[in-house]
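Q: Chains as they are written, first to last, in my numbering: chain R, 66 to 341; chain X, 379 to 663.
It should be emphasised that the hints constitute simulated quantities derived from the structure, not laboratory data.
Misleading hints may appear alongside valid ones.
[Stated by the list, open to error] Pairwise CB distance ranges (calculated):
#, chain 1, residue 1, chain 2, residue 2, range
1, R, Y301, X, G443, 26 to 32 Å
2, R, E136, X, P525, 33 to 39 Å
3, X, A462, R, V151, 34 to 40 Å
4, R, P87, X, V610, 33 to 39 Å
5, R, R137, X, K485, 37 to 43 Å
6, R, R137, X, H423, 42 to 48 Å
7, R, G96, X, S651, 50 to 56 Å
Here a beta-carbon is modelled for each residue, glycine too, at the ideal position from N, C-alpha and C.
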Amino acid sequence: MSALAKTAVELRIAGSKLPAIPLPTNCPGCGVALEIEALRKHNYVCDCGHHFRLGADAWIALIADRGSWQERWGDIRSHDLLNWKVPKPYQEVVEQLLEDGLNEAVRTGTCTLAGRPIWLAAFDFRFVGGTLSIVAGERLARGMEQASSSGIPYVLVSASGGARMQEGVLALMQLAKVNAALGRMHAAGVPYFSVLTDPTFGGTAASLALLGDINIAEPGAAIGFTGPRVIKQATYADLPPGFQSAEFQLAHGQVDLVLPRTELRRLLAHLLEMYP
Amino acid sequence: MTRHGRKPEETTLSVWQVIELARHQDRPYSLDYIRRLAPDFIELHGDRLSGDDPALVGGIGTWHGRTTVFLGHQKGRSLKERVARNWGMMHPEGYRKAIRLAHHAAKFRFPIVSLIDTPGAYPGAGAEERGIAAAIAAAIMEWFRIPVPIVAAVIGEGGSGGALGMGVADRVIMLENSIYSVASPEAAASIVWRDNARKVEAAEQLQLTSRDLLAMGVVEEVVTEPKGSAHVDHDAVATALDEALHRHMQSLLTQPTEDLLQHRYERFRYIDSLVHAEPQFGPKV
């Protein structure tokens, strides 16, 4: 990344301080006791390279210039269309998560990054596993449609288990809805940078996450279509270590770069300069 | 809902019984329909990149006087055939073949008929290594740009992204005893309960029968099956499917390409607009 360090882009405006996140006492990567404040300043990346999962709030703080974030369509809400009752009533699950301060599996809006305007969409794995729901799909599609008409670059951060079971086949239809909008964004020549974080699976991987003009994966992130548990169940296969890791996807031609989170803001700023 | 006289049986069948009919080993598969619809069908093979996926058949045939591209998931009946067809579960090569043939159709202005009958895309290591997620994603996006009419029919199982990868069309219809779901009941049970033995419960929650899908506005029509379900009379169900497919195709053939693509976009873009119209719906057809 030394070439990038010399870029003309000086990050005049920094992102915000990241919010506190629940952390174990020791790093699952290296076992060393964690120093919370140091880790937070280091974008929750341990010295050993372990990347802790971030929620949408943290991603917005990390990517958006301070004070530039304008959330869009934050008030659309999920409904229990299928009358889903077991193991837990879906409506209660959603209401509890909203009460906990989470706002669906995808948040989207506009902001600037190093002074340049972007559309930003971030998945939140804490909200029903970051699953693609009607609301998530609607927020993504609307943002893409607006990006198509304004020409403003689109940045996605994904972390998702796939389509949301509790919304049934309408959740599956979000793949088509989002990819329809994505096709228009591509046709309009809008730059689309997709950041894949741990984990990105199922319908999210099989729709927008892997179709970036540039796909950037975080080190060690698990990325794939079918999760390893289901693959083992279905095929009795022994999966090698590192199967479906970001590095595996790099070797198999699915991502352009595997990049530490600490370098991400600088790279995105540089890309925005190269794709004006 | 139906133009064939008999109303769909006022369902005495449980959801699980419908699933068993959808998976019945004597149920007609894609080639059973394609050979009846277009007796001169010529199968075309390969994705022109690395392979041919036997779980998806594709080719050309004359259908109501017009050369048409047919695509369909293909299952097998004997054990040997089932293995060869991989139970109708596609690998990345299948989606790439489908798009290759869609471009072929676009070049010659042939309409496309797509028959869906898959438990899902193949959940195996090889599919992952060769980019199954990206293959499905690229196919879903590309279908929106194919400038010829596309009619899809779910003829058995419509399982997850593996089905949707073949299911972006101007009209989507379903046979009465077929299912279409965000995930197979087994996979949904495995995801929600981490226990795929709870498939029956999952199936009942998912609302995956043809009536449910019609009520949700995800499909345009449900085609009635012969008494006793499709497997008892292949000819009769093929005739009914042919009539419905043709009727939908007729109305598309006259549309200017620009309108066709705009309507296809809107069909999926606003597919869940019922969220505002009807916050609660259950089985009520």
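Q: In ascending order, which of the hints set out earlier in this document are inconsistent with the structure?
A: 1 and 4
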